[in-house]
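There are 2 protein chains.
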Amino acid sequence: MAGSERPAKLTLAAIAREAGVSAPTVSKVVNGREDVAAETRAKVLTALERSGYKSPLQRKNIAWRRPVVEMVLDSLNSAYGVEVLNGVLEHAAASDVEVLLNVTGVQGASPLSPEQRAQRIIDEGRCGMIVVTSAFSSAQLEPFLRRDIPIVVIDPLNPPQADVVSVGASNWAGGKAATAHLLGLGHRRIAFLGGPEAAECNQARLHGYMAALMAEGVPVEEDYILSGTFRPEHGVAGMKALLRLEKRPTAIFAASDSIALGVLAEARRQQIRIPEDMSVVGFDGTYQAEESVPPLTSVSQPLQEMGRAALRFVLRQMRGDTLDSRRVELATHLVVRESTAPCAGEAASAH
Amino acid sequence: MAGSERPAKLTLAAIAREAGVSAPTVSKVVNGREDVAAETRAKVLTALERSGYKSPLQRKNIAWRRPVVEMVLDSLNSAYGVEVLNGVLEHAAASDVEVLLNVTGVQGASPLSPEQRAQRIIDEGRCGMIVVTSAFSSAQLEPFLRRDIPIVVIDPLNPPQADVVSVGASNWAGGKAATAHLLGLGHRRIAFLGGPEAAECNQARLHGYMAALMAEGVPVEEDYILSGTFRPEHGVAGMKALLRLEKRPTAIFAASDSIALGVLAEARRQQIRIPEDMSVVGFDGTYQAEESVPPLTSVSQPLQEMGRAALRFVLRQMRGDTLDSRRVELATHLVVRESTAPCAGEAASAH
DNA sequence: TGGTGCCACCGAAATGTTTCGAAAGAGTCG
DNA sequence: CGACTCTTTCGAAACATTTCGGTGGCACCA
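So the sequences go chain by chain: D and E.
Numbered by the numbering used here, the letters in the first sequence go through residues 1 to 351 in order.
Numbered by the numbering used here, the letters in the second sequence go through residues 1001 to 1351 in order.
Treat the hints loosely; a few may be bogus.
When the alpha-carbon atoms are kept at most 30 Å apart in a straight line, the in silico DSSO-like pairs for lysine-lysine are as follows [claimed, not checked]:
id, chain 1, residue 1, chain 2, residue 2
1, D, K28, D, K43
2, E, K1043, D, K28
3, E, K1028, E, K1054
4, E, K1054, D, K54
5, D, K43, D, K54
6, E, K1054, D, K28
7, D, K28, D, K54
8, E, K1043, E, K1054
9, D, K54, E, K1028
10, E, K1043, E, K1028
Bear in mind the hints are in silico, worked out from the structure with no lab data behind them.
It should be emphasised that the depicted structure is a prediction, and the values quoted were computed from it without experimental measurement.
The task is simple: from the sequences and hints, build the whole structure.
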C-alpha cells in the first residue's frame, strides 16, 4: 500500500475526493440530476474533465450500438429544414450514425417538457441532438446542457448562448450583398420583407440590408420594412401592403425564399411583371429558388453543409474532443437569376 | 432488531434470501444477463413473481421505452417521399412512437446487406420498418420477413409479394381519370410520360391511361408513350422528344408531378403556352402541383394518409394483431387546376 | 486413475445510484 | 428581532449493479 496515490483507479470516489465532495454528489452531476448547486457542479465537472472519467452508462454507449442523434425541427413543410436534414443524413450515412427525426409543430405531438425530453435522450441511449432554428428557446436547452448532452443549434432564433454550439451562415453579409445587388441595378426604393422580428438571423439580414443602403446614402424607409414569418403567406400579405404604398418600392428583398415565392404569386395575380416591373431577391437558395417562375435571385446558404457541420460538431462533442469554436458561420453567396433587373422607371429620381 | 422478518422491504437482498442465492445473481436475472443457469434463473423468477419485485429500471420505465420504427426512402429530393414521411411522423407523434430516418441513395452510404440490416434492427431493439417505393426489391425483404420484423412497403415497385404488407393508391383509376379528363376536353393526341417501366404503380397508371383511351375508341399511339424516371429531367427530355414528333400531342399525362414540372419548364423555354397550346396533367398532388406556374392539374394521392396507414400497420403487426388485409389501396382523385384546357387547334381532326 | 484445460456459474467485493433526512439559508410573520 | 416555514443542497446509508476471481463439473488425454 505504499505510494498508491497515483493510479487512483478512475473511480467515482476518486473524483469525489479530488473535488472535495461525496461520491453521490459526483454521481448526480454525471447523471444530470438537478439537486446540485451550480458551484459544486462546476468543481465536479472540472475534476471529471481532468480525469476523463466516464460513467458506466457512457462507457457502454460508446462501445456498443451505433450512435443515434436526434434531429429536431419544426416541420418538413419548409425547403429549408429539408435541405439541412439532407446534409445531416448524408454525413450520418458516411459516419455510421443513425438519425432520429422529431418534428415538433405537429398536431397530437406529446407536449413533453425539455426536462423529460433530455432525460429520455439519456434513457434511450442517444448521444446528441441537432436543433433547427426555432424548435427550442435557449432556456429550454438548459436541461440538455446540464446532462452534458452534445447539442448543436442551427441558425438559432435567440442570440446564441455562450455555451451552446451553433452553426449558422453569414446572414449579415448576405443581406448586404442582396441589397447591394439591387442598388447596383439602380434601385433606390428597396423593401425588406423579413421573418420574425426576434429571430437573430433575421435581424442580421435586416442590418445587412440597412448597412448596404446606408453605404450608398439611401435613407432607410420605415414603411419598407415589414416583419412577419418566413412563410409564403407573409410574402403575399407583404406584397399587398407594399403595393398600397404611395411610393411603391421598385425592388423587394425577402428574408427567405418562401416569402419571395409568396411575393411572386401575388405579383402574378396583380399582373405585375417580375423582374420588369419589380425586382425580387430571396434568401436561402433552396431548390425552390431555381424552380420558381421566374427563377429567383437569392442569397444562397450552404444548408446541406450546415447540416453536415452540425452533425460533425455533435460527434466531436460526443467523443470529448475540444472544439476550437462554439460557433461556426458558413459563407452565403448571392446567386443572380432572373428575378432581378435594372430599375426602369426611376432613372430620374435615382439621379 | 426484534422480529424484523415481516416487512422484508421488497429489496433485492430479500428476494435473494428467499431464493437462496446472492443478491448479484438476482440482479442478473432481473436484468437479463446470460450467466445464470436455467435452474437458478427459474428459482429466482419464482421468488420474484411471488414478491412482485420490480427493478428500479423497470419502475422508472413505467412508460416503457417508446417503440422506434425505421423509415427507409431513396431521397428527400422528391416531394413524394417528404409528404409520406410527414404522414408517418404525424401518426408517430400521436402514437408515441419514434421514427428513425434512413435515406439510401446518398453517396457514402454504408453498403449494408439487407441481411446485416435486418440483424441490426433486431440488435438495436427497433420494432418495424416502413419502406418507400424503390428502396428495396422484393428479394431484399426476405431477411426481414424471416426474422418476423414488421415491415410495410409503400407503393412497391415490384408486384407486391404475397406476404408483404403494402400500402398504395388506386393508380389505375387515377390514370384513367386523368386521361378521361383530357379526353373530355376534346384532346385526342394524348402522350404519357411514365416513370420506370418496371414499376408496378407506373404500369397501373399506364394501363389506366390506355383503358381510358380505348373506352373512347382512341388508338394508343406507341410514339406517345415514353418511360423513364419520376424526375423532372425525364419531363424535360420527354417534352423535347414529343415536340419533335410529326403529329405533336395536344396534351400530356405525366406519371408524376416532378415529370410534369419538367414539362412545364421546357414548355416555357420553347415558348409553348400551358394550357393554351398544350394541356398537362401530373400525378401525386404534392404541394408542387399547387405552387407551379400554372398550377398543375394533377391526380392527387393521399400521401400523408398513406404514411399514417403504413405506420398503423407496422404497429398492428408489432402488437401481433391479425391484419384483415395485407394490401391497402387508398383512393386517388383528380384535382383540376389551370394546366388543362379544351383542345383548341384540333377540332377538325378530332371530329 | 489422475492430470489438464476449459468453461459455465456463482458470489465477494468494488463500484455506482437512490433515498431520505439533516443542515443551512431565505423569506415571512408577529 | 426571534419563531416559524419553506427551499436548496448535500452526504450517510441503503440499495443495486458490475467486475472479477474462484469453484466445480466435464471432456479429453496419457
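Taking the hints in turn, this is what the structure says about them:
A hinted pair counts as satisfied when its Cα atoms are at most 30 Å apart, and K28 of chain D with K43 of chain D qualifies at roughly 13 Å. The suggested pairing of K1043 of chain E with K28 of chain D is violated, with an alpha-carbon distance near 35 Å, which exceeds 30 Å. Restraint check: the Cα-Cα separation between K1028 of chain E and K1054 of chain E comes to about 13 Å, which is no more than 30 Å; the hinted pair holds. With a C-alpha separation of about 27 Å, the suggested pairing of K1054 of chain E with K54 of chain D holds against the 30 Å cut-off.
For the suggested pair K43 of chain D and K54 of chain D, the alpha carbons sit about 16 Å apart, so the restraint of at most 30 Å is met. Restraint check for K1054 of chain E and K28 of chain D: satisfied, since their Cα atoms lie roughly 23 Å apart, inside the 30 Å limit. Between the alpha carbons of K28 of chain D and K54 of chain D the distance comes to roughly 13 Å, so the proposed pair stays at or under 30 Å and holds. With a CA separation close to 16 Å, the supplied pair K1043 of chain E and K1054 of chain E stays within the 30 Å bound.
Between K54 of chain D and K1028 of chain E the CA atoms are separated by roughly 23 Å; this keeps the pair inside 30 Å, and the hint holds. Using a Cα cut-off of 30 Å, the hinted pair K1043 of chain E and K1028 of chain E holds, with the two alpha carbons roughly 13 Å apart.
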